[in-house]
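A.B. asks: Below are the chains, spelled out letter by letter.
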Amino acid sequence: MLILTCPYCGVRADETELSPGGEAHLKRFGPGSNDEAFEGYLFVRENPKGVHFERWRHSYGCGKWFHAARCTTTLEVFGTYEAQTSEPPKAIREAISAKRPGWSWRDLS
Amino acid sequence: MRRFSAFAIAREAFRYHSGWERHWRNPTPKKKYDVIIVGAGGHGLATAWHLGKHYGITNVAVIEKGWLGGGNTGRNTTIIRSNYLQDPSAAIYEKSRSLYETMSQDLNYNVMFSPRGVIMLAQTHHEVRGYLRTAHANALQGVKTEWIDARRVKELCPIMNIDGPRYPVLGGLWQARGGTARHDAVAWGYARACSDMGMDIIQQCEVTGVRTQAGKVVGVDTSKGAIGCDKLGMVVAGHASHLADMAGFRLPIESVALQALVSEPIKPCMDVVVMANTVHGYLSQSDKGEMVIGGGTDGFNNYTQRGSFHHVEETVRALVETFPMLSRLKMLRQWGGIVDVTGDRSPILSKTPVDGVFVNCGWGTGGFKAIPGSGFAMAELMAKGASPLTDEFSMFRFREGKFIDESVAAGVAH
Ligand SMILES: Cc1cc2nc3c(=O)[nH]c(=O)nc-3n(C[C@H](O)[C@H](O)[C@H](O)COP(=O)(O)OP(=O)(O)OC[C@H]3O[C@@H](n4cnc5c(N)ncnc54)[C@H](O)[C@@H]3O)c2cc1C
Ligand SMILES: [Zn+2]
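Residue numbers (my numbering), protein chains in the order written: chain Y, 1 to 109; chain W, 1 to 414.
Hints listed in this document are in silico derivations from the structure and should not be mistaken for laboratory results.
Be careful, since some hints might not be right.
Said to hold, decoys possible - What follows is a set of in silico ranges between Cβ atoms, one per label pair, in the way DEER data are often shown:
| # | chain 1 | residue 1 | chain 2 | residue 2 | range |
| --- | --- | --- | --- | --- | --- |
| 1 | Y | 42 | W | 225 | 34 to 44 Å |
| 2 | Y | 8 | W | 154 | 47 to 57 Å |
| 3 | W | 155 | Y | 108 | 58 to 68 Å |
| 4 | Y | 41 | W | 128 | 34 to 44 Å |
| 5 | W | 265 | Y | 19 | 50 to 60 Å |
| 6 | W | 184 | Y | 14 | 32 to 42 Å |
| 7 | W | 386 | Y | 12 | 52 to 62 Å |
| 8 | W | 32 | Y | 85 | 22 to 32 Å |
| 9 | Y | 94 | W | 25 | 25 to 35 Å |
Given the structure is predicted, the values throughout are model-derived calculations rather than measurements.
A virtual CB, placed ideally from N, CA and C, is assigned to each residue, including glycine.
Given these sequences and hints, build the entire structure.
C.D. replies: Here it is as structure tokens:
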């Protein structure tokens, strides 16, 4: 059972209280972008084996969207952070580096 | 390889079964093959077999990181049907279903194909309309399916409660020629026949890199060293993104866990397969008497082959309403597989940006039924460079907006 701490209300919520919302920090492309960028935005995902960043919603709690950093091969949670950011904060990245030295995700590491 | 037959059983009975052979060889890899297939699941093995059978290509290696059939092929609930909505799906799934009918003879291996019939229950008015539409589409495609009313559903499956309080049964889509087969036997049968054609099935060997020269594939790196090839087929289900990464391209795939469970064995009580998409559950009885139950996928990326427990609970809770007798059963085992899901819930059988590399993936929650048809089509694609069955399943269809939308017909995992 996945347990994530909601960064807004501080509740340690198990996954029955949460809704998964897919990959985090997507770059949006609209009309006028090229086909590859638009396809990438709509369909192509990192799907990594290892460190991943995701969106979650505390649906049966405060109702707010937030972010989580998680490992897809062990289900270990590295931390959660607020939605109002376009990339993971330094503290989260450091927490990951402590546990997974040499990790990378898109152009982050 | 000695053939299996009634005579062989009698012969072996007289000599204490001492003459049965190993099903396949355990070779050390050669330096180079004409074709390498990565992944010895049903789809990889079927591709290899059809390459040998129809195109005489037998200098083939199938490379598997674990043991053959140990991926989703050995973890699924074995439902076989072809009542999809879109024409390209009907073509490949119906080809596949029809190949299951002769698979035991073709492979000289009993895969226990049991065309016992599949009912897809309609439990909301929305579903009634959806299945009527599918039934009409299937009639035009030449796939034999039929809309049946609730009374007929009850006749076919007496243990069902059709007037449940939450989800009464309003009717169903019935495919009499659908059914189940023995999953391991499908993998083993293909493996034995491939090995007999001289192909090498290399187990416990993980592919860790793809070697290219001037945009063309020349081989793979593995945990047993580098192996050369002219053509490469990636047939690794939930690990497809990872293999594509090695070759330097990306796929519109996400990998999630799908779970199943079986009960203790009981006396025969249902002789059809029932799928209930609204409540996300499906059920059949195995030859051993176990009730085989499957449910929904988790909503997050996962490579652990373990799913979330609450999905099991939801599936069982929903099925107990429709099959009250299940509430007395103990569950024996529960497990998960990592399935490869695409945006339109249809598979990818395709050339790739790398010359000589082909990919077969995206079967997601429902590719067991497709094993022989997919192998047939993928072999044609790899041998000739094109196949009428795979044309529309290109990995580039997402960019072009030519989806094969099966998210309605395949809303639930099966
Ligand atoms: C619980 C569950 C229930 C299901 N129920 C049904 C059903 O009722 N009906 C239906 O039609 N379908 C069902 N499916 C889906 C079906 O199981 C799959 O679509 C199908 O088995 C996929 O076969 P495959 O050969 O593509 O993949 P797999 O059988 O997973 O084979 C892929 C192989 O590739 C190997 N591999 C991966 N990476 C590497 C590497 N780097 N090097 C070497 N080898 C590698 C893996 O070890 C694996 O053996 C279900 C799936 C699950 C998990
Ligand atoms: Zn909250």
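A.B. asks: Run every hint past the structure and note whether it holds.
C.D. replies: Now for the hints, and whether the structure bears them out:
1. 42/Y <-> 225/W: 34 to 44 Å: Holds: the Cβ-Cβ distance is about 40 Å, inside 34 to 44 Å.
2. 8/Y <-> 154/W: 47 to 57 Å: holds, 50 Å
3. 155/W <-> 108/Y: 58 to 68 Å: holds, 59 Å
4. 41/Y <-> 128/W: 34 to 44 Å: Cβ of residue 41/Y to Cβ of residue 128/W: about 36 Å, so the range 34 to 44 Å holds.
5. 265/W <-> 19/Y: 50 to 60 Å: Roughly 37 Å apart at Cβ, these two residues miss the hinted range, so it is violated.
6. 184/W <-> 14/Y: 32 to 42 Å: holds, 35 Å
7. 386/W <-> 12/Y: 52 to 62 Å: holds, 54 Å
8. 32/W <-> 85/Y: 22 to 32 Å: Since residue 32/W and residue 85/Y have Cβ atoms about 50 Å apart, the given range 22 to 32 Å is violated.
9. 94/Y <-> 25/W: 25 to 35 Å: violated, 51 Å
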